[in-house]
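First to last, the protein sequences are chains A and B.
With our numbering, letter number 458 in the first sequence gets 458, and the count goes up by one each step, no holes.
With our numbering, letter number 324 in the second sequence gets 324, and the count goes up by one each step, no holes.
One or more of the hints may lead you astray.
[To be verified] Negatives, chain A to chain B, calculated, CB over 12 Å: (1) 27; (2) 41; (3) 50; (4) 51; (5) 53; (6) 216; (7) 268; (8) 276; (9) 312; (10) 376.
[Claimed, not checked] Label-pair restraints from in silico Cβ distances: (11) 51/A to 302/B: 17 to 23 Å; (12) 320/B to 39/A: 39 to 45 Å; (13) 281/B to 212/A: 30 to 36 Å; (14) 97/A to 302/B: 21 to 27 Å; (15) 64/B to 39/A: 36 to 42 Å; (16) 388/A to 302/B: 43 to 49 Å; (17) 279/B to 113/A: 30 to 36 Å; (18) 293/B to 212/A: 56 to 62 Å.
Bear in mind the hints are in silico, worked out from the structure with no lab data behind them.
Just so you know, even glycine gets a beta-carbon here, dropped at the ideal spot from N, CA and C.
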Amino acid sequence: MRTTRPEGTNGGPDGLPGISTTGRRAGTFCMLLIVALALQATRVQVFQKDELDHNAANQRATIQRYSQPRGNLLVAGQPVTGSAETGGRYAYQRTYTDGPLYAAVTGYSSQTYGNTQLEGVYDDVLSGTDPKLAGWAVWDAVTRQQQPGGDVVTTIDPAAQRAAVQGLGSQKGAVAAIEPATGRILALVSTPSYDPGSFAGTSAADQNAWKKLQDDPEQPMLNRALRQIYPPGSTFKVVTAAAALASGVVTDVDAPTDAPYPYVMPGTTTPLDNDTSACNRAGLSLDEAMTLSCNSVMGYLGVQTGLDRMTAMAQDFGFNDARLDVPVRAARSNFDTDMNQSQLALSSIGQYDTAATPLVMAMVAAGAANDGQVMSPQLVDKLTKADGTQVQLMHPALHHQAFGAGVARQLRQLMVDVVENGTGRNARIPGAEVGGKTGTAQHGVDNSGTPYAWFIAWARPAGSTAVPPVAVAVVVADSQATDVTGGGLAAPVARSVMQAVLNR
Amino acid sequence: MATDSATRAARVPRARRAGTGRWTELVLVLAAVGVAVLGYVEVGVNIDGKAPPDAAQYGAALGVLALLAHAAVRWRARWADPLLLPIAVLLNGIGLVVIYRLDRNPGSAAAPTQLLWSTLGVGLFIAVLLLLRDHRRLQRYAYVGAFVALVLLVLPVFFPPVYGSRIWITLGPLSFQPGEFAKVLLAIFFAAYLAAHRDALALTGRKVLWFQLPLGRVLGPVLLIWAAFVGVLVLETDLGTSLLFFGLFVVMLYVATARTGWIVIGLLLSALAAVGVGWLSPHVHGRVTEWLHPLASIEAGQGANQIAQSLFAFAWGGQLGTGLGLGHSALIGFATKSDFILATVGEELGLTGLFAVLLLYALLVARGFKAGIALRDPFGRLLAIGLAALVAIQVFVVAGGVLDLIPLTGMTLPFIAQGGSSVVTNWIIVALLVRMSDLARRPAPEEDA
Chain A
1 MRTTRPEGTN GGPDGLPGIS TTGRRAGTFC MLLIVALALQ ATRVQVFQKD ELDHNAANQR
61 ATIQRYSQPR GNLLVAGQPV TGSAETGGRY AYQRTYTDGP LYAAVTGYSS QTYGNTQLEG
121 VYDDVLSGTD PKLAGWAVWD AVTRQQQPGG DVVTTIDPAA QRAAVQGLGS QKGAVAAIEP
181 ATGRILALVS TPSYDPGSFA GTSAADQNAW KKLQDDPEQP MLNRALRQIY PPGSTFKVVT
241 AAAALASGVV TDVDAPTDAP YPYVMPGTTT PLDNDTSACN RAGLSLDEAM TLSCNSVMGY
301 LGVQTGLDRM TAMAQDFGFN DARLDVPVRA ARSNFDTDMN QSQLALSSIG QYDTAATPLV
361 MAMVAAGAAN DGQVMSPQLV DKLTKADGTQ VQLMHPALHH QAFGAGVARQ LRQLMVDVVE
421 NGTGRNARIP GAEVGGKTGT AQHGVDNSGT PYAWFIAWAR PAGSTAVPPV AVAVVVADSQ
481 ATDVTGGGLA APVARSVMQA VLNR
Chain B
1 MATDSATRAA RVPRARRAGT GRWTELVLVL AAVGVAVLGY VEVGVNIDGK APPDAAQYGA
61 ALGVLALLAH AAVRWRARWA DPLLLPIAVL LNGIGLVVIY RLDRNPGSAA APTQLLWSTL
121 GVGLFIAVLL LLRDHRRLQR YAYVGAFVAL VLLVLPVFFP PVYGSRIWIT LGPLSFQPGE
181 FAKVLLAIFF AAYLAAHRDA LALTGRKVLW FQLPLGRVLG PVLLIWAAFV GVLVLETDLG
241 TSLLFFGLFV VMLYVATART GWIVIGLLLS ALAAVGVGWL SPHVHGRVTE WLHPLASIEA
301 GQGANQIAQS LFAFAWGGQL GTGLGLGHSA LIGFATKSDF ILATVGEELG LTGLFAVLLL
361 YALLVARGFK AGIALRDPFG RLLAIGLAAL VAIQVFVVAG GVLDLIPLTG MTLPFIAQGG
421 SSVVTNWIIV ALLVRMSDLA RRPAPEEDA
């Protein structure tokens, strides 16, 4: 083939641009193609990164999460969790040393169903992705160095936890125990429980175990200590007594009150009934009313104290707080803020719309024990790296100063009398001072359901003037027992939990 | 660029005094081998916690190949552009490292075979430099080449399809894609044909609207060639290669004639072909739907398709990448070492590594264009530009596909993707560019003597 044009001619035919020009244009076009690729890559790798990384069909986040042994949850210095190699794409899966015992504390970490409760809240620490774990944050970000999972040191006292589980036995219920001076949660139990390790993986067995738990009418995966609210019944009278004392409606717990009998609730023709005939007279003292658990007196005092001061006191103890995080978020305990006087009377004895988690009722007992300082409940002492180096220390925090030391002393006296002389005798502990309050809450249509049996209490060694080391709330729901009372069913559980703490 | 001729005049004596860039080339080639060795070590350290025992062998093999190629350039193309060979070595090295890394996923090993093909590629590179002393000799074989190219393209029709495309020839354990070789022959043919007929193609014809349309008797053969190639490729349902050939054809036609009318005709024809193929072929139709809605299959509850998995891989890499061996591109499914290999680069080396690779391609293409523009003979100019454009378009089609910029078409990323035919062909392309850049940069013959 012969070229028709002499070599080396730069211009094109007919004055058109030559190859030097068109070649440069074509070269520019080719460069633009590559620039377009660079722009698209930037779009995908920078601007769409988060969206794509978190796409439900993208397995990478899950693979990374399970690529190394997960950090552990510690109880009294011992891990209650572990990690086992799976040999699959998700390299490690969660194990639990004593799953059902600590399920209400740990929650679960499942490759199929995600992470909840402490496993969920501290997932970044446990899986090693939390920047707090990094030695050199910037350098680690550059090298994408993955840190070994950190540990979460819980506040749980294993003896108290075991005592609670054993005390509840086969009954449905919950226990929350708090160290009053600090708010540290010593026991958190919900029964019936479940084994979070039974569905930690991705196998068919895991899926069957999950499905079975989900379909169980007993709801074993419900955390009744934190996430379920129950009408507190007479245990709420501690709040009413505190409000009456703090507001000056009652100044002397042993002096007769002006509470009438029968007490017809304002605006109605309905008298407020008592469960025991010993309450059926006028002029009972606050101490007598608490010891006997008299509805008429406490309802009357609640109304005398007034809606605003009752609401304020309830809220100081943690009612109406939708963000009560321990750091696992507790359900909102309710005390209505807009009621007429008859509704307030009922609410003051823990009925009507009043409902509380066992955690908040434990805060009520703890507030009385700690001179009116209600501490924020917390489930975690500290976070550490895998080698035990401390990453974050949780300091005790005041939730609310509910009342002064004087009122607290009076309130404790009332609670001690309940245990010594009243409905709470089953909670007595030899060699210890115990203060408590029983509750038996009716519920269901026309109160047809089996009542909830409550007991809240605190305890300290006899003769001690220090802040009691333990406060506890117990609820037994739907027991098989024929005679359901707080004193009969719940008080023994509370006693064994408190004993476990006192025996440390 | 306007001062190009002036600087060239000034450069010749300086180049003679300071050398021809061969020492620069040697240093860069050794650096490229070093980068590959570091890559092997990184794979081992990231996966096993220690340097892999075979890193030294791979590094030594790549080093020997690179030095042999360098020696051939030194001996037979001493004025050649000193960037071309190092870029080819580095891209090939990156490809070997990434394939070596992907071999760590369950499945058959591909790195040893790829190293073997690379050896053959470098061998052909050396052979081209030794045997072809002047690229203008290729003009003589232009029509023979075009015929061979057609035969190569038709052959796979008689072999079973692989992944829905009839582009493979399988002979026992050996399999190759003849389309890869055909593209070089085709570039040579286009260059020769256009160099011979560029005046006729540019000047004749009548004006319609703003465009000077070419005369029918000139347009005829061109259309025939286009139809032949595209027809064959559509039969083989290999959209990528037909897009590549057609893009190459339009670019070379424009460079030769400076007629924008050709581009308009080209765009119209390709639009026509695209609509027709998209309508006729469910395979292609599916690819277009996936391109427009890469995440649709997830929303439909059918899980992520390959494009979505590819995008996940790129995104996970972010700006700095996971590091070699620490990504999860195995989730893409099949073709991770070939069509989708860039996703592993994006995931494990990050946007930074991807930019580096794109920059290498841009440099290779730019150097090709530079050689073409600096040459004196129209055939050489068109061939160099055509070969450079070939690389650019192929990178665009492959990378654009896996990045969801354009519909996905099964093709190999030059030098990096697994595939013997591809590596060998790309080494031949670089050999031709080295040969032509040698002529372009060579001082006047009497001075050279």
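*Which earlier hints can't be squared with this structure?*
Those not satisfied are hints 1, 2, 3, 4, 5, 12, 13, 14, 17 and 18.
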